[in-house]
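Asks: These are the residues of each chain, in order.
6 protein chains.
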Amino acid sequence: MELTALTLARLNAASTATLTTVLFKRGFRNVFMQGLSPLNSAAARFVAPAFTLRYIPAREDLDGLKAFDDRRHPQRVAVEECPAGHVLVMDSRGDPQAASSGNLLVTRLMKRGCAAVITDGGFRDSPEIAALGFPAFHQRPSAPTNLIRHHAVDLQQPIACGGVAVYPGDVLVGDAEGVVVIPQHLADEVAEEAYRQTMYEDWVNERILAGEGLFGLYPLTDATQQQAYAAWAGSQSTRYPHL
Amino acid sequence: MELTALTLARLNAASTATLTTVLFKRGFRNVFMQGLSPLNSAAARFVAPAFTLRYIPAREDLDGLKAFDDRRHPQRVAVEECPAGHVLVMDSRGDPQAASSGNLLVTRLMKRGCAAVITDGGFRDSPEIAALGFPAFHQRPSAPTNLIRHHAVDLQQPIACGGVAVYPGDVLVGDAEGVVVIPQHLADEVAEEAYRQTMYEDWVNERILAGEGLFGLYPLTDATQQQAYAAWAGSQSTRYPHL
Amino acid sequence: MELTALTLARLNAASTATLTTVLFKRGFRNVFMQGLSPLNSAAARFVAPAFTLRYIPAREDLDGLKAFDDRRHPQRVAVEECPAGHVLVMDSRGDPQAASSGNLLVTRLMKRGCAAVITDGGFRDSPEIAALGFPAFHQRPSAPTNLIRHHAVDLQQPIACGGVAVYPGDVLVGDAEGVVVIPQHLADEVAEEAYRQTMYEDWVNERILAGEGLFGLYPLTDATQQQAYAAWAGSQSTRYPHL
Amino acid sequence: MELTALTLARLNAASTATLTTVLFKRGFRNVFMQGLSPLNSAAARFVAPAFTLRYIPAREDLDGLKAFDDRRHPQRVAVEECPAGHVLVMDSRGDPQAASSGNLLVTRLMKRGCAAVITDGGFRDSPEIAALGFPAFHQRPSAPTNLIRHHAVDLQQPIACGGVAVYPGDVLVGDAEGVVVIPQHLADEVAEEAYRQTMYEDWVNERILAGEGLFGLYPLTDATQQQAYAAWAGSQSTRYPHL
Amino acid sequence: MELTALTLARLNAASTATLTTVLFKRGFRNVFMQGLSPLNSAAARFVAPAFTLRYIPAREDLDGLKAFDDRRHPQRVAVEECPAGHVLVMDSRGDPQAASSGNLLVTRLMKRGCAAVITDGGFRDSPEIAALGFPAFHQRPSAPTNLIRHHAVDLQQPIACGGVAVYPGDVLVGDAEGVVVIPQHLADEVAEEAYRQTMYEDWVNERILAGEGLFGLYPLTDATQQQAYAAWAGSQSTRYPHL
Amino acid sequence: MELTALTLARLNAASTATLTTVLFKRGFRNVFMQGLSPLNSAAARFVAPAFTLRYIPAREDLDGLKAFDDRRHPQRVAVEECPAGHVLVMDSRGDPQAASSGNLLVTRLMKRGCAAVITDGGFRDSPEIAALGFPAFHQRPSAPTNLIRHHAVDLQQPIACGGVAVYPGDVLVGDAEGVVVIPQHLADEVAEEAYRQTMYEDWVNERILAGEGLFGLYPLTDATQQQAYAAWAGSQSTRYPHL
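Residue numbers (this note's numbering), protein chains in the order written: chain U, 342 to 584; chain P, 342 to 584; chain Y, 342 to 584; chain H, 342 to 584; chain W, 342 to 584; chain F, 342 to 584.
Source of the hints: derived by calculation from the structure; they are not laboratory data. Hints may be right or wrong, so weigh each one.
No copy is singled out in the list; a pair is fine if it fits within one copy or between any two copies.
[What the hints assert, rightly or not] Here are the computed lysine to any residue pairs in the SDA-like style, where the Cα-Cα straight-line distance is at most 25 Å:
#, residue 1, residue 2
1, K452, R548
2, K407, Q438
3, K366, F409
4, K407, T565
Here the structure is a predicted model, which means the values were calculated and not measured.
Same shape as in the complex, but just chain U:
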């Protein structure tokens, strides 16, 4: 399933915080990857479907440096096959004691047109990755080479990342706060509601900066405020073209 341009545009305008609220309304409580942060907070924003890679613990007889000579090694295959516009998401069992990947592989992903890269472990060469300006999220920097603790085992299987289920094709959105996972079949409706919610919260923010209080405004329970918002919202088509 392709993301439509409209859904992409709407999600690009929504924060991960707003998206968690919209998903909570639909009963989803566990959609934000816990404990991950962008290596470069100025290059954190992305919207993309997930392409998954799963690690299990390394085993000394299988995971020597020669393992990478095999062109079928799932980590290398992932980097060469993750489709453009997609985000490579790695289940590293939350273990940052050895790297999930490094700068050379992340640069290759970027060059291939991928949208972002995520691990719930750590990246090595983290200063170089941060300098790429490519969205990358992890737990903490980790210099040790991948094979010391990780064995890449399969691609495009449902995984855990940051404590959240990620199914291939799920729509991930990242910003400087972190990453949220949207089940694929809900992407369009979540995008629409999040876009409207963003417009509303932008207005609330302006009202608060103008000195107004929360009550009646946030949530919008006051009738006068409801009218004020309706009036304002009706004239925002330029600022919010994706309504």
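Got chain U; can you put chains P, Y, H, W and F on it based on the hints?
Replies: Chains P, Y, H, W and F only, in chain U's frame:
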């Protein structure tokens, strides 16, 4: 109890590190909030009495999004009632898996003249809060909406935050390192001693930068150094006007 | 044992990530200090032999503020005796709840010509230390005074730091990613191989930025790529003067 | 609100595991206290309404041994005022580094007819408490006296215990597995459904021990099995007198 | 691959401790499942090939109680298809906050002739499972129903359990200390060496109980002790029939 | 310094809980080893001076199985040289991922007349050690051989164990709850006070079992109760012969 202008000025000149030492001399070992950091290290400095809010774990039947329609919801009441010049301190049980608060509420606190906001959980909209230039401290960013894990239960009760007891009215001081809690009745004497200690350590710092060694200087056990310090200190009334 | 100028130059050109790979080839899996980061990522790079200080938990009758009056206090002795060009490494049992050291001591180390300072606990006065431009690594900022939790017990003993064994004289290398420990007797050979590996990875990086794929290039299993690399490497003596 | 004899009897027959399922059907996901276990697994079973005590971190000037001379000290008041048939539940912020209580206080609770005692910290005198045969749950044994880390602050407020919200009057059920919290207003309906579920699972257990497979049996989707169960269930009034 | 009767007999005589030593000699450092313990230490001993089940985090729209109505649900399929003589090993991501399984399913495994069951999360109905006398290992008891946190996703894939890689068919050995994983292709040679090592350590134990010291005995570096052992070992064919 | 028979007898009658209280009165807050428990709670009681062994992380080139061939290996020296009547205390950095020691070494300690053995890591062969009836305390069972993670580095140095400072010669007391560390120079006075406190608490326990309340009794603030206690205490010389 109001903070006097003198105490406020003195505490504004002291680091959290110095304050922990002054409190340790009085037998206090646990006054620094563990694991918290400012969202914006250039906007971390504050001195303010504590106004407290306590969370317990959410319960699904009580903590739906409708909960915020109630104007008596303690989180919203806290934001509207925390007095100007005070810091809102939230006991989130050290749980950053859902947000303690977000940008709209923090902006409202700022507009109302509050001094700072602290949680031992996490803030959502953390990039926006960081951009406010308003002192805010937490454990880590947390996009998920508050109600997923937190139930605001009461105001102005003694709480735990970052492993430290906080009683309403305790004087909190923040800087780029973190937050220290001063029992209210000790604020004046701690401020005075910390101010003097700051002056002394500034002098030590200059001596070290000039090439001197630690022995006799820090601590000030050498008689010659004691005289040198006394001489220097006697001429610093411009630089240290709050002696 | 002195570090030769050549080994120093080579290690200065290698990243901690590359060094973990070179050490892994020799069977070392645990050489990267886990969970530590530089206070100032722009001032993280250093290469230096280790001078060690060990802490055990404080005991109230031994660790009052008067403890520092004793000129034999190991923490103060460490700061005055760590040789120029060396890095002071502190085993703080991974406990950042009170400071391992503060700005005045770190400044003194810098003035004495030491290369860097490391603790697996935390530094107090962390904003001032970050501003020094002196390589310093820790777990997180920690304002509380040292004696609240730490008792300096001995110098120049083998220690643990960040989960890694550090023997006095081991060669430590730091960069913005963290710190790697090289057993002293391997410093020369590790430096040479890491320097070559750095040259190779620089070339790979250029090829990837030029649009090439990983297979055959990284690792270098393709004969054509091997020739291309040999040709390129043969002409790099200016860029890599320490071959 | 009193627990009816019928609800009490039904809950006494249900395991904590079954109760979490019945509550999950009503949307409750977080009702089992995490990480707590009985000191004596042969004396773990209880059903009782909650009486709550809240601790915050100790402060050295307030929490000396003289604190217990005050008859209004909330910990001692709790032990003397927790009603017979109730369970004293302590919010110790999940901190077992000092005791939440010890044998003398637990013995007094037992003598006063209380039903059980719970902390998410630890008990001291744990071997003696285990020998009492009185239901007591904690995280781990903890010899250090209470005041070293805990300050009893209030009674009968909503609290957190083991990561679960506990409101005064909530109905707690304990067995050798742990403790589940039932919101007070749901106690009767949860008791009824759990009792029926227990009867059903007892039957399933017999069928499995007789060699039958899971499919159609558990869950009960097979029509033949449904009839078999209906027939069996119709004749169990002696064994299950509280239907 | 079937386990031979000889290998089975030898492994049944070896402790998990001895097996880790034999595997360490072959370069394996990570073969013991960390943090798991038997529910019943008197019923912990087993030797069996692994049959694997993998969980990822639950998602509210997929993991309601109706999920178990589907006979293809991997957890239920696992329980009905794990071959007799095999151990069912569950990758629960080390999360004991909801159950990996409960008594009814474990009883069914036992009835079907399976050898043991392992999760790195927790079992519900843990007192009943402990009473079965069937080898079961977990992290801690966990009453909440499986679906609250776990989604069974696939069978017979390589997994992580207790921080160790488990490939289907690997030979697992359990005792009251825990569980060790032997790569399938090494089972025979590890069994032989472990059996001999067990015999040797039994003899050492007798010597120590007789008052001898460690030096020369353990390890066996003393020539006289070597002769004594050789003499003893030559006459043990009755006690050690599987040499 | 030798422990006198009187001090030994008194400490043998006191619980670790009582000892923490007596030490707290003298300003000691951190004397109970956190997170350790006896392998056999029926064989936990001991009183003994500490003999210390320190581990740092293993390094692959130093810590192969051949390391034990060296008779100067500190772990083996410790087992052969820890004096009779002493407790061997191991600083394992709180790491139970590989064993601190196993059954053969612990049996040798027992045979040599040592009083107990403690690690803040884990023992292998834990079921066999539990069966010895010899006081042994650890964090959790750990089958992997010592050298995988631990390098024994020195003897009789001050160490950390379970978060507590242990100086050689400090007096350790263990019971089923855990282990308390008494600074050597305080052993006599702590023993005396703890013995009296034990007598008092035994009386309180009897009064509570007889139905009395806490107020005035515990602490003993009521004049009538004080007289009652004085009368009772005056006649207890048989039951408490070490007053």
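Asks: Are the hints correct? Go through all of them and say.
Replies: Structure-based check of each hint:
In this assembly of identical chains, K452 and R548 lie within 25 Å of each other by CA distance solely across copies; the values are 11 Å between and 43 Å within a copy. When the C-alpha separation of K407 and Q438 is checked against a cutoff of 25 Å, the pair qualifies only within one copy, where the shortest distance is 21 Å, while the shortest distance between copies is 28 Å. Only between protomers do K366 and F409 lie at most 25 Å apart by alpha-carbon distance; the minimum there is 14 Å, versus 45 Å within a single protomer. Proximity of K407 to T565 under the C-alpha cut-off of 25 Å is restricted to the inter-copy arrangement: shortest distance 19 Å between copies versus 70 Å within a copy.
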